[in-house]
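These protein sequence lines are chains A and B, in that order.
Just so you know, the working numbering puts 66 at position 66 of the first sequence, and the rest follows in order with no gaps.
Just so you know, the working numbering puts 19 at position 19 of the second sequence, and the rest follows in order with no gaps.
A hint or two may mislead.
Each pair may be met inside one copy or between any two copies, as identical chains are not told apart.
[Unchecked claim] Listed below are the simulated EDC-like cross-link pairs for lysine to aspartate or glutamate, each with C-alpha atoms no more than 16 Å apart in a straight line:
no.: 1; residue 1: Lys44; residue 2: Asp23
no.: 2; residue 1: Lys44; residue 2: Asp66
no.: 3; residue 1: Lys30; residue 2: Glu100
no.: 4; residue 1: Lys44; residue 2: Glu100
no.: 5; residue 1: Lys38; residue 2: Glu106
no.: 6; residue 1: Lys38; residue 2: Asp66
no.: 7; residue 1: Lys93; residue 2: Glu13
no.: 8; residue 1: Lys105; residue 2: Asp85
no.: 9; residue 1: Lys93; residue 2: Asp17
no.: 10; residue 1: Lys24; residue 2: Glu81
no.: 11; residue 1: Lys44; residue 2: Asp17
no.: 12; residue 1: Lys24; residue 2: Asp35
no.: 13; residue 1: Lys80; residue 2: Glu106
no.: 14; residue 1: Lys38; residue 2: Glu100
no.: 15; residue 1: Lys30; residue 2: Asp85
I should point out that these hints are in silico values taken from the structure, not numbers from a laboratory.
The residues making up each chain are set out below.
Protein chains: 2
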Amino acid sequence: MIKVSVMYPNAPEARFDHDYYRDKHMPLVKARMGDSCKYYTVDKGLAGGTPGAAPVYVGMGHLFCDSVAAFQRGFGPHAKEIMGDIPNYTDQKPVIQISEVVVGKE
Amino acid sequence: MIKVSVMYPNAPEARFDHDYYRDKHMPLVKARMGDSCKYYTVDKGLAGGTPGAAPVYVGMGHLFCDSVAAFQRGFGPHAKEIMGDIPNYTDQKPVIQISEVVVGKE
Numbered sequence: 001m002i003k004v005s006v007m008y009p010n011a012p013e014a015r016f017d018h019d020y021y022r023d024k025h026m027p028l029v030k031a032r033m034g035d036s037c038k039y040y041t042v043d044k045g046l047a048g049g050t051p052g053a054a055p056v057y058v059g060m061g062h063l064f065c066d067s068v069a070a071f072q073r074g075f076g077p078h079a080k081e082i083m084g085d086i087p088n089y090t091d092q093k094p095v096i097q098i099s100e101v102v103v104g105k106e
Numbered sequence: 001m002i003k004v005s006v007m008y009p010n011a012p013e014a015r016f017d018h019d020y021y022r023d024k025h026m027p028l029v030k031a032r033m034g035d036s037c038k039y040y041t042v043d044k045g046l047a048g049g050t051p052g053a054a055p056v057y058v059g060m061g062h063l064f065c066d067s068v069a070a071f072q073r074g075f076g077p078h079a080k081e082i083m084g085d086i087p088n089y090t091d092q093k094p095v096i097q098i099s100e101v102v103v104g105k106e
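Can you build the whole structure from these sequences, using the hints too?
In structure tokens, the structure reads:
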């Protein structure tokens with residue numbers, strides 16, 4: 001299993017509509033990717049690691065797929081539509097990382 | 001549910017023992033935290049978001065807890081022991097973020 005993490009930096013003036021991201025954007029991604037996305041998770045940044053510190057990322061979404069190829073097959077054909085939706089909830093440019101899930105949730 | 005993400009930057013010369021992290025460190029954290037950590041996940045960085053790009057984080061661990069207070073209650077008394085184990089698998093200083101789990105795995 002691999003995980004594609006899309007992490008939105010928490011700039012001081014960052015705009016991020018958490019409701020839109022949860023209710024519109026991520027369901028759109030899942031609908032377009034179909035079974036090539038097994039499931040996804042969504043995080044809202046609360047705090048950093050030291051008292052009073054801001055979170056590094058204001059929001060994050062994680063797409064779980066069987067393989068990098070499965071992700072590309074599911075995401076590629078819809079990339080333009082999905083990326084085009086980003087300005088509807090944020091002005092931040094996401095940091096993207098692909099990881100191997102070494103230990104996942106059962 | 002909250003999630004404490006411990007993210008190890010992927011510096012060019014970063015040392016990170018993924019086996020130790022999976023087999024020793026994270027089980028130690030769970031053993032010490034007991035039920036205050038509901039479960040955890042572990043990621044190994046594979047790639048960044050553009051072709052040929054390196055992952056931002058070489059490895060990540062995520063602790064899922066009922067609340068920030070539950071995390072602090074479970075982690076606090078063992079922080080010294082847990083932090084003291086870090087040099088056994090990496091020379092990187094982790095970036096830590098606490099997030100609210102907006103959408104989790106069922």
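- For which of the previously enumerated hints does the structure constitute a violation, in increasing order of number? Structure breaks hints 3, 8, 12, 13.
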